[in-house]
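Trainee: Given only the sequences and the hints, what does the whole structure look like? Please build it.
Just so you know, the sequences run in chain order A and B.
Numbering of the first sequence is given in the working numbering, commencing with residue 74 and proceeding in unit increments.
Numbering of the second sequence is given in the working numbering, commencing with residue 387 and proceeding in unit increments.
It is possible that part of the hints are untrue.
[Claimed, not checked] Below are the DSS-like pairs computed for lysine-lysine, each with C-alpha atoms no more than 30 Å apart in a straight line:
(1) A:Lys143 <-> B:Lys661
(2) B:Lys727 <-> A:Lys272
(3) B:Lys637 <-> A:Lys265
(4) A:Lys143 <-> B:Lys799
(5) A:Lys125 <-> B:Lys727
(6) A:Lys271 <-> B:Lys799
(7) A:Lys143 <-> B:Lys771
(8) A:Lys271 <-> B:Lys782
(9) B:Lys771 <-> A:Lys273
(10) A:Lys75 <-> A:Lys181
(11) A:Lys272 <-> B:Lys782
(12) A:Lys75 <-> B:Lys771
(13) B:Lys771 <-> A:Lys272
(14) A:Lys299 <-> B:Lys885
(15) B:Lys771 <-> A:Lys265
(16) A:Lys143 <-> B:Lys782
(17) A:Lys265 <-> B:Lys727
(18) A:Lys97 <-> B:Lys799
(19) A:Lys184 <-> A:Lys97
(20) B:Lys782 <-> A:Lys97
(21) A:Lys265 <-> B:Lys524
(22) A:Lys265 <-> B:Lys661
(23) B:Lys832 <-> B:Lys889
(24) B:Lys771 <-> A:Lys271
(25) B:Lys771 <-> A:Lys125
(26) B:Lys885 <-> A:Lys271
(27) B:Lys799 <-> A:Lys231
(28) B:Lys661 <-> A:Lys125
(29) A:Lys273 <-> B:Lys782
[Claimed, not checked] A few chain B residues that don't get close to chain A, going by computed Cβ distances all over 10 Å:
(30) Asp652
(31) Glu869
(32) Gln878
(33) Ile931
Don't read these hints as lab results, they were simulated from the structure.
Quick reminder that beta carbons are idealized off the backbone N, C-alpha and C, glycines included.
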Amino acid sequence: MKIAVLVKQVPGSESPLNIDSSEKGLDESQVTYITNESDNYAIEEALQICDKGEEGEVVIISMGPERVQKAIREALAKGAHRAIHINTNSSASSDPLVTASALASIMKDEKFDLIFSGLQSDDLGFGQTGVVLGEMLEMSTATLAMSTEVVDGKIRVKRELESGYFQWVTMTLPASISVQSGCNTPRYPSLKGIMGAKKKEITEVQFDEIDTFQSVKRLYSPSNSKETVMIEGSTEDIVEKLVDVLKNQIKIA
Amino acid sequence: MLTAIERIAFILLVIFSMGLSYVTFTRMFKIISRGTQPLNWRLVLKNWPKGLAVFISQKTLFKTRPVIGAVHAGVAWGFSLYLLVNVIDIMYGMIPGFKFLPNNFFGDVYRFFVDSFSIVVLLGVLFFLARRFILMDKRLITNEPVMLSETAKKGIKRDSLIVGLFIILHVGFRFVGASFEVALHGSDWSQPGATMLASFWSSLPYETLVFGEHFSWWMALGLILLFTPYFPYSKHAHLFMAPINYMAETKRRSMTTLEIMDLEDDNIEQFGASKLEHLPQKELLDGYACIMCNRCQDICPAYQTGKELSPASLEINKRYYYNENMKEFSSGAESLDTLSKWMLSEEAAWSCTTCGFCLEACPVGNEPMVDILRMRQDLVLMESKFPREAMEVFDKIENYGNPWGMSSQDREKWTEGMDIPVMREKGSAEYLYWAGCSGAYDDRGKDISRSVAKIMKKADVDFAILGNEETCTGDSARRIGNEYLFQMQADQNIQNFEKYNVKKIVTQCPHCLTTLKNDYAEIGTDLEVVHHSEFISDLIKDGKIEPEASLEEDVTFHDACYVGRHHGEYDAPRDVLQSVLSEKATIKEMPRNKQDSFCCGAGGGNMWYEIKQGKRINVERFEEAIETGVKKVATSCNFCMIMMEDGRKVTGQDENMEVYDIAELVAERI
Chain A
74 MKIAVLVKQV PGSESPLNID SSEKGLDESQ VTYITNESDN YAIEEALQIC
124 DKGEEGEVVI ISMGPERVQK AIREALAKGA HRAIHINTNS SASSDPLVTA
174 SALASIMKDE KFDLIFSGLQ SDDLGFGQTG VVLGEMLEMS TATLAMSTEV
224 VDGKIRVKRE LESGYFQWVT MTLPASISVQ SGCNTPRYPS LKGIMGAKKK
274 EITEVQFDEI DTFQSVKRLY SPSNSKETVM IEGSTEDIVE KLVDVLKNQI
324 KIA
Chain B
387 MLTAIERIAF ILLVIFSMGL SYVTFTRMFK IISRGTQPLN WRLVLKNWPK
437 GLAVFISQKT LFKTRPVIGA VHAGVAWGFS LYLLVNVIDI MYGMIPGFKF
487 LPNNFFGDVY RFFVDSFSIV VLLGVLFFLA RRFILMDKRL ITNEPVMLSE
537 TAKKGIKRDS LIVGLFIILH VGFRFVGASF EVALHGSDWS QPGATMLASF
587 WSSLPYETLV FGEHFSWWMA LGLILLFTPY FPYSKHAHLF MAPINYMAET
637 KRRSMTTLEI MDLEDDNIEQ FGASKLEHLP QKELLDGYAC IMCNRCQDIC
687 PAYQTGKELS PASLEINKRY YYNENMKEFS SGAESLDTLS KWMLSEEAAW
737 SCTTCGFCLE ACPVGNEPMV DILRMRQDLV LMESKFPREA MEVFDKIENY
787 GNPWGMSSQD REKWTEGMDI PVMREKGSAE YLYWAGCSGA YDDRGKDISR
837 SVAKIMKKAD VDFAILGNEE TCTGDSARRI GNEYLFQMQA DQNIQNFEKY
887 NVKKIVTQCP HCLTTLKNDY AEIGTDLEVV HHSEFISDLI KDGKIEPEAS
937 LEEDVTFHDA CYVGRHHGEY DAPRDVLQSV LSEKATIKEM PRNKQDSFCC
987 GAGGGNMWYE IKQGKRINVE RFEEAIETGV KKVATSCNFC MIMMEDGRKV
1037 TGQDENMEVY DIAELVAERI
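Mentor: Printed below as a string of structure tokens:
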């Protein structure tokens, strides 16, 4: 079983998120970058398949500038076998289609049986990369996995639906699956793992041309202004004015 | 006195006993030699005055059970005398016509002492046996849910009985033998006890008396020869292993400061202790020194609140493991199970608050807490098995430099509106004021930091803070067992200390204090670190600040383990507290105070995860504060503060009582 895990490095939620002077990105000097939360569960899901006796290889794939190697080393310390770093040499964000295309071009020859990714990234939150990549590589795809099980060359996935419902699907391999946070208990790397990770192979692939279909126009903090309008008059007047406000000002369809 | 045949038989018995003892004693020392960090026996032996002093003074016995300690001293001193008596008795038996200083004043004094000491020792041992088997003293029993091996459960009673009976028979027959001798040779004023007993035999025929004397001699001295090879199996070995344990003592900068691990060394296969053979030799020796008195269990905050941990059981399990596997383990076989399977459960290992009381209370110099720290290192570094909440704390420390997981850029926010000098602007200062994570992020902790800073400013101290450059010292990481994270944190801080030429540090966090002062010194960075209680106390003594003595209510003071037992400071915080009390008010101590203080429950990383078993330690402690009847509780530790504040709420005292740090009480009055 050859498993790829897509890992993204994102700004830690507790680090200061100041917008830089170009108003298109963050002031990186202040930011603490960490591994995207749901990606930790994706890594664990892959490692557990190997722990259960499936012979296999877990390959970490991460895209971004030099700093993402920290996230890669962490994943290697937990037990992943090797990694591919797609070095973008910049922090500029791309859109899911571009990211997935880049990943697909590099991953297609590897012939992975499974690709795990986190449900969505904590910074941009598109939640599409894993699925788009799966489609590009002609794999079965599933999102929102709560648990997975490899049986007889197929994979059973428990998917989260809305309001407490879930669904079991069985899919043929190869498959690309995005996992939900909380689906397992991510491990903490052992000292041996940490030390061993320093010697594991990270293949670096340069990827400079980020041609995006989408681009950031301006990044700014949401303003939290609030306005209170008192509607006065008889009950009928109030209702009439309220309906008008809802319809024409707030524009509730 | 003995016949020729008896003398030959005795010599044969001596040879047999020595041969067998050689085998069992060798095994005992081979077991100890299975440990890591080899003991230098030459140095250990050089330390003999220390062992002798402990043995003669019996001082370690009086720390927690003074009355029983006194009885033990009687038995111990009496027993030492018996060694001399045994030699003389052997001479009496083996050398025809030998008598020890007959019709001599010193001989009479000797006989008088033997006579009376025999009675003291007999009474002493009878008392101890009655305490265990009739009175069933509950301090000698270990409660559920502590893991105590089946062999240990049976062994403790059997071993106590064997040792007790041995002493009674040995001393008893020596005494009876003396009475036969008196009956044969006429009354002796210097042996009133034996003379009294001899009156029972006076009507017996001569041959019977001679037989009685010979029989008693054989029982008294033959038993010693039979018992000697059994020593290594018996807890009675403590009578020489305990002094040796003191002679082999490991010097530590503080009770919790273990040696620094070389994490880069590829040749090290095992970090921490997973199996018996991973423990240092000194700590294997602990198992042989243990006399199973349970003093450590009596005072352990985890045990006292119904958790799975008993430091005594740890040593007792260790000892019975030796007995059960003596042959295999001493000959070098790998031990079968991990320590958590038979010595101390994982849950118990996490229950330890590293308060250090077990080390303080142990009369034979054992360090069960250190074993626990080593097990934790294995569980974290090798197995990655530890409480979930601790893992989050590791991530938070690694990513944000504090266990609260708050932004490292908010660290100096507590100074807002106070104009506190910061190193990056000031360049250097005589003192670095170290607020610590709790002093920077916890609300009550920030109150304390502001108070300390206010006091330092008022006293014109040349100081500065690291501000946002400060990062967690790594205390919690190290006590939980994450040496890797600790070293990462230490590296960052040490770089800053070098950058700003920091030599002296003041901190109100006793955990930072211990780590900066001792663990960093172990790495090679020597700093002069003082606790704010000491610093403020000195400022008051030097007249730099004069707090108004205006507090009119009685206060009780809770000692922090890491200021008290770990740092040895009990007076400074009380002096500071005293300085704000008016004439009407006093410090009303809780029953458990100073060296005997009871932990708040937060040390050793327990601040960050919850052991759900039993009662909460902080509630137990706060109830003790309530019972003093005072309305104000003073602390000198941020963790203790958080724990006492929580205890106050849980016990429903939020309206009634208040918790302060000593610095707050001072800062309000200058």
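Trainee: Taking the hints in turn, state whether each one holds.
Mentor: Do the hints match the structure? See the list:
For the proposed pair A:Lys143 and B:Lys661, the alpha carbon gap of about 33 Å is over 30 Å, so the pair is violated. For the given pair, B:Lys727 sits about 34 Å from A:Lys272 by alpha-carbon distance, which is inconsistent with the 30 Å threshold. Between B:Lys637 and A:Lys265 the CA atoms are separated by roughly 29 Å; this keeps the pair inside 30 Å, and the hint holds. For the hint pairing A:Lys143 with B:Lys799, the CA-to-CA distance comes to about 29 Å; that is within 30 Å, so the pair holds.
With a C-alpha separation of about 24 Å, the suggested pairing of A:Lys125 with B:Lys727 holds against the 30 Å cut-off. With a C-alpha separation of about 37 Å, the suggested pair A:Lys271 and B:Lys799 falls outside the 30 Å cut-off, and the hint is violated. The straight-line distance between the Cα atoms of A:Lys143 and B:Lys771 is roughly 23 Å, inside the 30 Å bound, and the hint therefore holds. The suggested pairing of A:Lys271 with B:Lys782 holds, with an alpha-carbon distance near 22 Å, which does not exceed 30 Å.
Restraint check: the Cα-Cα separation between B:Lys771 and A:Lys273 comes to about 24 Å, which is no more than 30 Å; the hinted pair holds. Between the alpha carbons of A:Lys75 and A:Lys181 the distance comes to roughly 13 Å, so the proposed pair stays at or under 30 Å and holds. For the proposed pair A:Lys272 and B:Lys782, the alpha carbon gap of about 26 Å is at most 30 Å, so the pair holds. Under the criterion of a C-alpha separation no larger than 30 Å, the hint pairing A:Lys75 with B:Lys771 is consistent with the structure, at around 27 Å.
Taking the CA atoms of B:Lys771 and A:Lys272, the gap is about 24 Å. The hint holds against a cut of 30 Å. For the hint linking A:Lys299 to B:Lys885, the alpha-carbon distance of about 48 Å lies beyond 30 Å, and the restraint is violated. A C-alpha spacing of about 14 Å is found between B:Lys771 and A:Lys265, which places the hinted pair at or below 30 Å, so the restraint holds. The suggested pairing of A:Lys143 with B:Lys782 holds, with an alpha-carbon distance near 16 Å, which does not exceed 30 Å.
Taking the CA atoms of A:Lys265 and B:Lys727, the gap is near 23 Å; set against the 30 Å cutoff, the hint holds. In summary, the hint linking A:Lys97 to B:Lys799 is supported, as the alpha carbons are separated by about 28 Å, within the 30 Å threshold. Straight-line distance between C-alpha atoms of A:Lys184 and A:Lys97 comes to about 37 Å, which puts the hinted pair past the 30 Å bound. Note on B:Lys782 and A:Lys97: the hinted pairing holds, with a Cα-Cα distance of about 28 Å set against a maximum of 30 Å.
With a C-alpha separation of about 45 Å, the suggested pairing of A:Lys265 with B:Lys524 is violated against the 30 Å cut-off. Of the supplied pair hints, the one linking A:Lys265 and B:Lys661 holds, its CA atoms being roughly 17 Å apart against a limit of 30 Å. Of the supplied pair hints, the one linking B:Lys832 and B:Lys889 holds, its CA atoms being roughly 24 Å apart against a limit of 30 Å. With a C-alpha separation of about 22 Å, the suggested pair B:Lys771 and A:Lys271 falls inside the 30 Å cut-off, and the hint holds.
Taking the CA atoms of B:Lys771 and A:Lys125, the gap is about 18 Å. The hint holds against a cut of 30 Å. At most 30 Å may separate the alpha-carbon atoms for a hinted pair to count; B:Lys885 and A:Lys271 meet this at roughly 29 Å. With a C-alpha separation of about 46 Å, the suggested pairing of B:Lys799 with A:Lys231 is violated against the 30 Å cut-off. Restraint check for B:Lys661 and A:Lys125: the C-alpha separation of about 26 Å stays at or below 30 Å, so the hint holds.
Taking the CA atoms of A:Lys273 and B:Lys782, the gap is about 26 Å. The hint holds against a cut of 30 Å. Remark: the non-interface label on B:Asp652 conflicts with the geometry, its nearest Cβ contact in chain A lying 8 Å away (cut-off 10 Å). Residue-level check failed: B:Glu869 sits 8 Å from the nearest beta carbon of chain A, not beyond 10 Å. B:Gln878, annotated as away from the interface, keeps every beta carbon of chain A farther than 10 Å; the closest lies near 14 Å.
The Cβ of B:Ile931 lies farther than 10 Å from every Cβ of chain A, with a closest approach of about 37 Å, so its non-interface assignment holds.
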